[in-house]
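J.: Here is how the chains run, residue by residue.
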Amino acid sequence: MIAQALLSVLLGGVLVYAWAEYRRSPLVGALSIVAGLAGLYFVWMPSHSTLVAEFVGIGRGVDLILYLWVCISLTVMLNLHLKLRAQQETITKLARSIATANLAAAQEAPAVTAEEAPQPAPQPAAADAHTSRQMRGQSA
Amino acid sequence: MQRNRSKSVYVICPAFNEARTIVGVLAGLTGQGYEIVVIDDGSSDGTRRVAETMAMTVISHPVNLGQGAALKTGIDYALSRGAEFIVTFDTDGQHRPSDIPRLLDALVRERADFALGSRFLGGAQRTPVLRRLLLRAATLFTAVTTGLRLTDTHNGLRAFTRRGAAALRLRQDRMAHASEILAEIARSRLRYVEVPVTIDYTEYSLAKGQRAGDFVMILLDLFAHKLRR
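Top line first, the protein sequences correspond to chains V and A. Using the working numbering, the letters of the first sequence correspond one by one to residues 1 to 140. Using the working numbering, the letters of the second sequence correspond one by one to residues 1 to 229.
There may be inaccurate statements among the hints.
[Claimed, not checked] Which stretches of chain A does chain V cover? Using the computed rule of at least three CB atoms under 8 Å from a CB of chain V, they are:
1) 61–70
2) 136–150
[Unchecked claim] Each pair of labels, with its calculated beta carbon distance range:
3) Val-34/V - Ala-186/A: 49 to 55 Å
4) Leu-219/A - Cys-71/V: 46 to 52 Å
5) Val-16/V - Ser-44/A: 42 to 48 Å
Hints in this document: simulated from the structure, not taken from any laboratory. All C-beta atoms, glycine included, are put in the ideal place defined by N, C-alpha and C.
Please work from the sequences and hints to get the whole structure.
T.: Okay, here's the thing in structure tokens:
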């Protein structure tokens, strides 16, 4: 009974998550709802899992639950993949804005002639290499 | 006529670590009257610096986003600058600048909005066998999913009118963008035409090109794109 209550709470959480997810990805949301409801059903009707398993040709009820769990895991993975893609699209928009803004700033900036450019102060020999590395890093 | 028209032709050159080849590619494009826009896609080999020394317009992505994202950046920029025609041109050295006028002429002559280069029309080529098979499979996939009747679906050399480019809603950052462009052409219901072009395969371009495994990722990307609103 304790296990049933605990599993019911967890599967209820899955259903709430699936409902929230349905707006963004209907297919993933629907699959999660079906999986959650099936899980709840078998938690409270464990003997039916064997009947259903025999009906679909799996054999044991526990195997059916295992297969359902694999399906749930794959659905979650698919959803994570979709979320990563959505984040990538956001990053792309940000990067594109930065790139075009940088170009616009470079085109608007007045050209600096060799005479106008500030002359670097003399540096000790040991500091020259460090400075040149920084310059390369900035222009790369 | 050619000279006047070239003033509004923007050639978009996406580049990721192409320092070895980009000088030759850009040298071949200069002097034709085109506005050349290099999209440096987060290169780490000095591609941006090399392009800038050739006095090109260079837009640099701060991080590597993918060729699809680079093309979208270039197309958006060209449209914002009033481009009448937009050409996409790879920087790995496999395209010939001499094919660009043929694409542009086809747009005008056929009153089309999209001119798509095809390596399988006209002139002889030495497409590697595996690549030929993959491209044939992609052609079949495109025919089934979009209804477009094409001979070459993954050719980076294309030309769009301003209206055609504005109609493309591109969201695929990586290699699936080629399939997405075709799907968008089909969705737009605008006129398209295929034009024979030559692909010069080199060890370098083949190494940089798509592999069999990439097509699996392309299918996955396209599938994932359909699932999310």
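J.: Would you mind marking each hint as holding or not holding in the structure?
T.: Going through the hints against the structure:
1. 61–70: With 5 residues in contact (Cβ-Cβ under 8 Å with chain V), the coverage given for the stretch 61–70 of chain A holds.
2. 136–150: Three-residue rule not met by the stretch 136–150 of chain A, so violated; n is 0.
3. Val-34/V - Ala-186/A: 49 to 55 Å: Since Val-34/V and Ala-186/A have Cβ atoms about 33 Å apart, the given range 49 to 55 Å is violated.
4. Leu-219/A - Cys-71/V: 46 to 52 Å: Violated: the Cβ-Cβ distance is about 21 Å, outside 46 to 52 Å.
5. Val-16/V - Ser-44/A: 42 to 48 Å: holds (45 Å)
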